[in-house]
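Okay, so the sequence shown: first residue is 1294 according to this note's numbering, each after it adds one.
Think of the hints as simulated: they come from the structure by calculation, not from any bench.
Everything numeric in this text was worked out from a predicted model, so none of it was measured.
All C-beta atoms, glycine included, are put in the ideal place defined by N, C-alpha and C.
Mixed in with the good hints there might be a few duds.
[What the hints assert, rightly or not] Quick list of the computed label-pair ranges, beta carbon to beta carbon:
hint : residue 1 : residue 2 : range
1    : E1511     : H1337     : 42 to 48 Å
2    : L1392     : D1470     : 33 to 39 Å
3    : P1543     : I1421     : 43 to 49 Å
4    : L1513     : G1446     : 24 to 30 Å
5    : E1429     : V1328     : 31 to 37 Å
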Amino acid sequence: MGRKPTEEACCCPPSPAPARAQHKSGCLLCGKPLVYFSETRPLHCEICGKEADANCTCEDGHFVCNSCHESASIAFFVPLLLASTEKDPLALFEQVVALRQVHMHGPEHHIIVPCVLLAAYRNNGGEIELEKALREAVRRASQVPGGICGYWGVCGAAAGAGIYMSILLGSNPVHKDAWPIPQRLVADCLNAIADVGGPRCCKRTGRLAITRAAAFTEELLGVEMPLGKVVCRYFGENRECLFRGCPFFPNSRS
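Generate the whole structure from the sequences, applying the supplied hints.
Here you go:
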């Protein structure tokens, strides 16, 4: 039976009210494919109306900001993780991304990765104040924008794993001992992600980052996280799926 989440000190930012029904893949508003820019440009979000730097729109010109893309899902998956006793972080990840508020791709995955890892760490006996840690993970990972895998050369799932480890170790820019360790984990995650190749898939990269982070956690901190086999069921929703080139595709040879 799962733990009951506390009612105070909510981790979740307020959710903007969606202007229209949201699609799981492609444009949230119309479902059409996204068109990426070579340079960012200021655009107004179709949902909240605020101006933000955009690196893509859909074919019809719709733009949805990072905050509106991710905030609806946070309100649902944080309570789920607080109450869960699941020890397998990949199983937790699959539970979270199955929520209808989580889209096929998007910056919410940058937040899901560290939160799932923190919950699994707690559930496997790690000493952590989970609600406080989740609140900080949401705060930090919400600053990791969508599309950085292609524009910055750093996948947000790997950055999320680094956020997880930074929170566990209490790392900061001047912490001599802790400072290099999350960066080693991020580098490990990026190597695993890059070895599979592109284009991006937020489900694939999230699973790869979690797998590497679990092994890293056991080696560094002695907390073992069991990892079950994942067979992806999202390939029908992913226009850029690698199919048999992905290690999570059914009957994959990777």
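message: 43 to 49 Å was suggested as the range; check whether the CB atoms of P1543 and I1421 agree with it.
response: violated (35 Å)
- prompt: Is 24 to 30 Å a correct range for the gap between the Cβ atoms of L1513 and G1446?
  reply: About 25 Å separates the Cβ atoms of L1513 and G1446, which means 24 to 30 Å holds.
task: Given the hint of 33 to 39 Å, check if L1392 and D1470 actually sit that far apart at their C-beta atoms.
output: holds (37 Å)
message: The hint says 31 to 37 Å between E1429 and V1328; measuring C-beta to C-beta, is that right?
response: holds (35 Å)
query: Quick one: are E1511 and H1337 within 42 to 48 Å, going by C-beta?
result: holds (46 Å)
Violated hint for the displayed structure: number 3, the only one.
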